[in-house]
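A.B. asks: Put chain C on the given structure of chain Y with help from the hints.
Read off the chains here:
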Amino acid sequence: MTDLNTLEADLSAAIAAAPDVAALEALRVAALGKSGSVSGLLKTLGSMSPDERREAGPAINGLRDRVAAALAARKVALEAAELDARLARETLDLTLPAPARRKGSVHPTLQVMDEMTAIFAEMGFAVAEGPDIETDFNNFTALNFPEKHPAREMHDTFFFKPGPDGERKLLRTHTSPVQVRAMQRTNEKPAAPWIATTIEPPIRIVVPGRTYRCDSDATHTPMFHQMEGLVIDKGIHMGHLKWTLETFIARFFEVAGVVSRFRPHHFPFTEPSAEMDIGCDRSGGEIKIGTGSDWLEILGCGMVHPNVLRSCGIDPDIYQGFAFGLGIDRLAMLKYGMPDARDAFENDTRWLSHYGFSAFAAPNPATGLS
Amino acid sequence: MKFTLSWLKDHLDTEATTAQVVEAMTMAGLEVEHVTDPAEKLAAFTVAKIVSAERHPNADRLQVCQVDTVDGRKEIVCGAPNARAGLTTIYAPIGSYVPGLGVTLVEKPVRGVVSNGMLCSAAEMETAEESDGILDLSADFPVGLPAAQALGLESVIDFEVTPNRPDWLGVAGIARDLSAAGVGTLRAQTVTPVPGTFPCPIALKVDGEACRTFSGRLIRGVKNGPSPAWLQARLKAIGLRPINTLVDITNLITYDRARPLHVYDAAKLSGTTIEARLGRHGEHGDEHLIALDGKTYALTPEMSVIADADGERPVGLGGVMGGESTGCSETTTEVFLESAWFDPIRTAQTGRTAGITSDAQYRFARGVDTGFMVDGLELATGLILKLCGGEASDVVVAGEALPAPGPITFDPAYVEQLAGLSIAPETSADILGKLGFAVETTGRTWTVTPPTWRRDVEGKADLVEEVARIAGYDALPATPLPEVARSAAGVLTVRQGRARTARRALAAAGYAEAITWSFTHNATAKLFGGGDDALVLANPMSADIDTMRPSILPGLIGAAGRNARRGFPDAALFEVGPVFAGDRPQDQKLAIAAVLAPHLPTGWDKRPQDDLFTVKADLLALLEELGAPVASLQTAQGAASSWWHPGRSARLQLGPKAILAEFGELHPAVLKALDVEGPVYGFEIWIEAIPEPKKKGKTRSALDLSPLMPLTRDFAFLVDAAKPAGDLVKAVVGADKALIAGARVFDVYQGAGVPEGQKSLAVEVTVQPREKTLAEAEIEALSAAIVAAAEKAGGRLRG
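Quick note, the sequences are listed as chains Y and C, same order. Numbered by the numbering used here, the letters in the first sequence go through residues 1 to 370 in order. Numbered by the numbering used here, the letters in the second sequence go through residues 371 to 1169 in order.
Chain Y on its own, in the form it takes in the complex (with noise of 0.2 Å):
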C-alpha cells in the first residue's frame, strides 16, 4: 500500500507542477494511458486471487478516481490560465483610428428636386422630361412669345450657330417647353423614348430639369434647376393653382405657419399671371421662412394662355388648366441656408458634405422630406 501511496503523492505533485495543458496531457497519458502506471495496476487486478482483488481492487480504482479528478481539475486551471493569458496577448489599443471610409453625400439641389418630386407625385403629378437642346419654336414661340419681343430678350437666351437650314437651335431657358411637347397633337413617335409627348386632357405633370441663361452673379448661374408644373383639364381654375401651391409651400418647408400671397405678374405663356410670395424675415441678415413680415418671390405661374392652347392643338374653350415654374436651386437655398447659388456647382467636397444629405434620406411619407 506505500507503494500506492508513495504513486499517488507524486502523481498529485507532478499534476499540480504541470506547467501547461501539452505537459497534463503527458501526465495523463503517464498514468492513465495505455500503458500508464495507474492502467499497469489495474491490469495486474486480473492476476489477483479474490481476496487479494477485494483489497487491491478499491484501493487502485480509487486512486485511477483520484488521479483523474486532479487531472481534470487542473485542466480546467490550466485552460482558464491560458486563455486569461491569450486575452492579455490579444489587447488592441482601440483609441488608434479606424480606417477612413469615404462618406457619399446627396447634393442638396437634387435632394431638394427629389422631395418637390414627391410631393407632386402624392398630389398625382407625373414627371415628364425633354432635351436640354430646344428649338425656338418650342421654348419661345409656342409658348407665346412674340417675336423679337422683349420678354425674348430677358431670357438671356444662350444660342447656337445656324445649322445648315438656317434654324438655330438653343439652350432651354426654362422647363416650360415640355409643356409644347406634352400638350402638342401630334402622331409623330418622340425622338427618344424618354422625351415627353403627348399626353391626353387630364395632364398632370411636373417637369424638373436643367435650364439655361447666361447670366452669374450670387443668386444667378448660367445653368440652373426649375420644376415646371402642368395642369390641364375641363374646369381647371386658378382658384386649384392656388391651392396647389400653397399646399406645396406648406409641405416643403416643413415649419408651421407659413404664409404665402398670389400678386399679378406678367408672363406670355400664361394668362392670368401670377407671381407667389412667402412671407419670410430678412431682418437677421439672412432670409428665415415662417416668420416675419417680409415677402419672398419665389415662383411665377398662371392659367396656360389660350394661344399656348390652341398652339398645340387643344381647345381653349373646352379644356384649361394653369402651369407654374419653380426655381429648385433656390428652393434648395432658402430651405437649407446656402447663401451664394455659385456655390452649389463649385463641388467643394467640404461644401458637398456640409449641405449634402445621407443616401437614406430620400423622401419617404414616414419620415418626412429629408
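Derived from the structure by calculation, the hints contain no laboratory data. The hints are all genuine.
Dumping the calculated DSS-like pairs for lysine-lysine here, alpha-carbon to alpha-carbon at most 27 Å:
1) Lys-1027(C) / Lys-189(Y)
2) Lys-103(Y) / Lys-986(C)
3) Lys-189(Y) / Lys-1064(C)
4) Lys-959(C) / Lys-189(Y)
Simulated coverage check for chain C against chain Y, where a stretch passes if three residues somewhere in it have a Cβ under 8 Å from a Cβ of chain Y:
5) 848-854
6) 860-867
7) 884-890
Quantities reported herein were computed from a predicted structural model and do not represent experimental measurements. Heads up, the beta-carbon is just placed ideally off N, CA and C, and yes, glycines get one too.
C.D. replies: Showing chain C alone in chain Y's frame:
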C-alpha cells in the same frame, strides 16, 4: 420706372401714403422694387436760424455765428459768404455724416474757435451738384424741421414695368390702375389743343416701313433757358438731369404720359421737308449720324432715320435719339416739335444694333399709345408756350396710326370659370371701365373694346386677368385639385427610377454627388470624343464653357483637381446628368459617372489605398442595383475610349453594340491636359443602354435551394501573360453550365517556376450538385472537362 407721390397726385386725387400706394401697386401687378426715402440720408440735418454772425478773430473769410438749432443755441464757424444774421439755413450736428464732403463732423477748433456743428450748402447734402454758399431757406420754416421736408424732397418709388404694360411708363398710366384699384379718383386727363396761328413751313413725309405716322409743328419766338424750379425738381427727384426748358418739357411728358417727343432747333434744320425713312447704303458705306450723346452711329437699312434737306441729311435715329447738329440749346428761338410713332420691333432692334437705350427708345420698343400722338404734341405745345412764350404753327401730320384695337366678345361668367373668382358682373364692368375699356353690357355676353394704350389685351382671358388683378388675387379661392386616376405603382419611369437609385447607391458607396456644367471647353470636349460645331454655343458666358459636354467625366475630373489644389486630393465624386452626342433630342443621353482620386494618406495599419478594383466593385454593385444583367456582361479589356489608360480600362457590354459602361484609370495625357494629378479612376454608365426589366409583375420566381453541399476544386493554369484572366474564367465556368456555380481567381503569379511570358492563374471552382451527391468518377470527369475547356482558351494545367 421711378416716380414720386406728388407727381402721382397730379393725376390721382388720393390721401394715400407712400406705403399704401406701394402696397396697392404691388397687389395690382406693378411690382415695386424699392422706395428711396431721401429723408433717411438727411435724418441728422434740420432747419436752423442764424442769430448773429461776427468776423472770425483769426480769419478774414470765416465768421463765427450764433445759431438757434434743434440742439439749442450753438456757436458755429462758417466760411460761406452768405452767412448772415437772420438767415434760415440747415444745421448738421457734431457726429453727423456729411455726404457731400464724405466726412463725419468732429468737435475741433477752426483757427482757434471751436465750431459746434456745421451750416450746410445743398452740395454738402448732395441735394444739388454745386452750390455757392449755405442754403437760404424761407424764414417760415421753424427751427428743427427736417431738412428733407424743408427742401421738399420726397420718397421715390421704383417699380418693374412688365413688357406688356408700356402705359405704366407714364405716371398717368400708373394713376389709372391705382384709381381702378380704389386708391383714389383719376383726375381728368383731357388735353386742350393749341390752335395754330400760322401754317407750318415744314412738310412731313413718312414711308410706312420706317415710321407709321409722324406729327409736328413749328413754334417760333421762344425763349429757352433753364426750366422753372418745379420742373427741375420733378425731373431731379427721379434722377433726370435738367437741361433746358424745351428738352425738360419733352422729358416731363415722356415720364408723365409715356409719350416721347423730340425738339429740333428749327434754325439748324435745312430744307422744308422732314422725312422719316430707312437708313441708306451710300457709295461710301452706311450713312452716319452724330447723336445727342456726341457719339457717331452708322445708320443701317434696318433703322428708322429722320432726315431733313428733303430727306438727304440724317438728323435723328427715329424713336431712339436726335442728332447733335439740330439739338436745342439756350439760344434756340425757333423749335420744331416732333411727336411720331415708331414700330416697337424696329426700335428695339435699332437700340440693340446701335447700343443705345434712351427713355424714348425704351418706350417705343415696348409700344407707345397710338391714340395719343397728336395729344402729346398739343400738351407739349401748351407747356412750351407757357414756359418759353412764342407762337405755334398749325399741326402737320403724315401717315396714319394703327387702327384702334377691335372689340372682344366677353361673357362675364368667364371670370369665375377661369379664375374661380365669384364677382358681380357690375363690378367687372366697373373695373374694366376704370381701366379705360369701353364696355357694352347689353345682353348676356358683352362687347369690350380695349383702349389704344392696351394692345396687350387680345382676348377674353386677358379681360379676366384685368378683373382678377384689380379685384385682388387675395380673393381667389383655394380649391383642391380633383382626384385623377393614377398609376398603382410609383410615378417614375424605369429610367427616372434608375437615375434616382444610382444617386442614392453611389452616395451610400462613399461618393459625393456633384453638379458640373453641361458645357465645357471645346478642347476638353474634343478630348472626350465631342466638340462638334453643332454643339458650340454662339454666345457662351466664357470660352471655358462653350461646348456641350460629350461626357460627365471631364467636369468631375476638373472638380477633383480643384479640390486637390485646395488641399483635399482624395475626392470621390459622382454625377448623374445629360451628355450630348449631337444637337438632336435623341442625341442627349443620361449618364452616370464617378471619379475616385486615390490620394488618401496611408494609415497606421498600412491598409492599401483604394485602387482600380475598388472602382470596379462599386461599378458592378451599382449595375446590379440598377437591374443590369451583370452575370451576362462581357468585360472587354482595352476596348474603352481613348480618354482611358489603354492598359487599365475596359468596356462592359452585352455585345459590341450594347455598351453599358466604361471604367478604368484616366489616361495620363488627358489628366495632364486637364491639369490634374493622377492617378484618377472612374467609370461612366449610359442609363439608356441598360435593358429594361422584362418582368412586369412584383412576385419573385420560386427560390431553388439545393439540399446538397456545394464542393470546391482548385486548379492552376498557365496562360500567356497578356491573356485576360476573365477569358479563362469564362471558359472554366462554361465547362459545365449545370454543375459549375462559379469560379474564383485566388492567385495570379508570375516568376520562378512559371515560364517567361506566362502567368499562373489559380482558380477555385465551386460545384453545386443538383440531384445527388457526385461520385468520385463524376468529379474526375468534371475536372477533365474543366481542364479541356481551359486548354481551348489557351490555359495549360500547371503540373
